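Peer 1: With these hints in hand, go ahead and build the complete structure from the sequences.
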Amino acid sequence: MKVIVDEAKCCGAGQCVLIAPEVFDQRDEDGIVVLLEPEPAEDRHSAVREAAAVCPGAAIQLAEGS
Amino acid sequence: MTVNDQVLSYPIPNDAALDPPAEWAELRARCPVAHVTLPSGDGATLLTRYEDVKQVLADPRFTRQLNAPDAARLSADGGGVFSSEMATIIPDSGEEHQHWRRLVGKWFTAKRMNAMRPAMIRIAEDLIDDMVKRGAPGDLRASLGFPLPVYVICDMLGVPAADRDRFSYWSDTLLNLTRYGKDEIEAAQGEFFQYMSDLVARKRAEPGDDLLSELIAVGGPEDGGLSDIQILVTGMALLVAGHETTANMIGKMVSMLLADRSRWERLLADPSLIRTTVEESLRFDANSGFGLPRYLNAETEVSGTVLPRGTTVVCSMAAANRDETAFENAAEMDLTRSPNPHLAFGSGAHSCLGQALARTELQVVLEVLLRRLPTLELAVPVEELERVEGLAVGGLREVPVRW
Ligand code: HEM
Ligand code: SF4
Chain A
0 MKVIVDEAKC CGAGQCVLIA PEVFDQRDED GIVVLLEPEP AEDRHSAVRE
50 AAAVCPGAAI QLAEGS
Chain B
0 MTVNDQVLSY PIPNDAALDP PAEWAELRAR CPVAHVTLPS GDGATLLTRY
50 EDVKQVLADP RFTRQLNAPD AARLSADGGG VFSSEMATII PDSGEEHQHW
100 RRLVGKWFTA KRMNAMRPAM IRIAEDLIDD MVKRGAPGDL RASLGFPLPV
150 YVICDMLGVP AADRDRFSYW SDTLLNLTRY GKDEIEAAQG EFFQYMSDLV
200 ARKRAEPGDD LLSELIAVGG PEDGGLSDIQ ILVTGMALLV AGHETTANMI
250 GKMVSMLLAD RSRWERLLAD PSLIRTTVEE SLRFDANSGF GLPRYLNAET
300 EVSGTVLPRG TTVVCSMAAA NRDETAFENA AEMDLTRSPN PHLAFGSGAH
350 SCLGQALART ELQVVLEVLL RRLPTLELAV PVEELERVEG LAVGGLREVP
400 VRW
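Those sequence lines, one after another, are chains A and B. Numbering follows numbering that gives the first Met the number 0, in which position 18 of the first sequence is assigned residue number 17; successive positions increment by one, without gaps. Numbering follows numbering that gives the first Met the number 0, in which position 233 of the second sequence is assigned residue number 232; successive positions increment by one, without gaps.
No wet-lab data here; the hints were simulated from the structure. All values reported here derive from a predicted model rather than from experimental measurement. Glycine included, C-beta positions come from ideal geometry on N, C-alpha and C.
Cβ-to-Cβ under 8 Å is the rule here; a few derived chain A residues that face chain B: (1) Val16; (2) Asp27; (3) Asp29; (4) Glu49; (5) Pro55; (6) Gly56.
Ranges between beta-carbon positions, derived for each pair: (7) B:Ala330 <-> A:Gln60: 26 to 34 Å; (8) B:Gly218 <-> A:Glu38: 35 to 43 Å; (9) B:Glu124 <-> A:Glu41: 33 to 41 Å; (10) B:Ile120 <-> A:Ser45: 26 to 34 Å; (11) B:Ser39 <-> A:Ala7: 32 to 40 Å; (12) B:Asn328 <-> A:Ile3: 30 to 38 Å; (13) A:Glu38 <-> B:Cys30: 42 to 50 Å; (14) B:Thr335 <-> A:Ile3: 26 to 34 Å.
Peer 2: Pasting the structure below:
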């Protein structure tokens, strides 16, 4: 799985960080998403999918497979 | 336009405190783009499908300029905060809005919420202790739901504890669409404005560790910060946006969980369900209030219907959150539902800035109640719970409980 985040769409809601703190963080200055793990390990996949599904900005894209 | 008896009045009258009106399912199935009449008598277009509501809320052509000359008025007296001048001081769209959100958003990160959690737990414990001291039955809304969010926001803004109750009153008045008269609303708005001007001046003289002081420290607009008036209005907006919404949600969430006590018992047995339970309560809330009005500044199509420029659209997130095409068994409250992409906080660039805070408050309330009052139950039959009338944000008048 590959994760791509779009900073321009991110509205800083922090949902991704609450759900998958190992994969996402937020910048201290403005709350915008920071991707910690572009290729998260298997056991994080379901949390990452949940984060992408609920992100209010639709800022998280996933490339499954690979 | 001719008078048409068939036109639905909006908000749709509904006596059941926790259940949705029957019209929602029908509208979603047969009339997803419905013509409705607002309390002011003006016409608007009501959206109830998940996909439509989500798309419109994230589409910048659907603006928040409800003060446009041809926009529908919500109530006969004007629209409360939705159309107030206050709302025009904070940039409403585009890059300037994004800039404002980022300046303020640094106070709402998940990290900061985790840091605030212990203080919130203490506030909740103290309020619950006071309720227990007064004896059962108690009103969970007045004892916990209403004060907790004000205390949390006041702490965040650096407002002294002694002024919290005035804050509650101002916020209640400003958000109210009909219960208070226009004069009362204007008087409260004036007082609140004066208080906040003084507060910003005090923070400028003596900065503290709070949101207002930090916004001041960034500098004025020439340094990439906000002007004094913008800082002041931001403080007011946070209280107005974050108080009544969260207060009511606390009451509704606890009521929904106690209405069918097997839900409460399930949580007692497995508190790790608190996070998904909070999300499901937000989704399942059939009494979330007016919904979000938008003013359309260009002709657009929604679900196959052309909407002319100048249309006022009302998005019912609560109806959308019950859409069977988006949520399996949408009519069931499932405490394990995941993912749960509900629209209770809106969607897109304007979606609730305070959602991480609201979620943390709701989680803390549940956590502390389950721990302190495991025997909690409703002190009246569910049918006797009454809705608050006249608020833009739906809620319950009282939540009588015993333990
Ligand atoms: C359960 C509680 C809450 C609910 C259901 C809720 C709901 C919403 C919704 C639906 C919007 C979108 C408005 C729009 O698109 O026009 C919104 C916006 C907003 N909310 Fe909340 N909210 C809650 C709690 C809070 C809290 C605790 C705060 C902050 C202290 C807050 C601050 C804001 C702000 C500042 C906006 C405007 C964002 C912008 O324009 O970019 N909300 N809220
Ligand atoms: S959930 Fe989406 S909008 Fe929120 S911080 Fe993460 S990426 Fe940004």
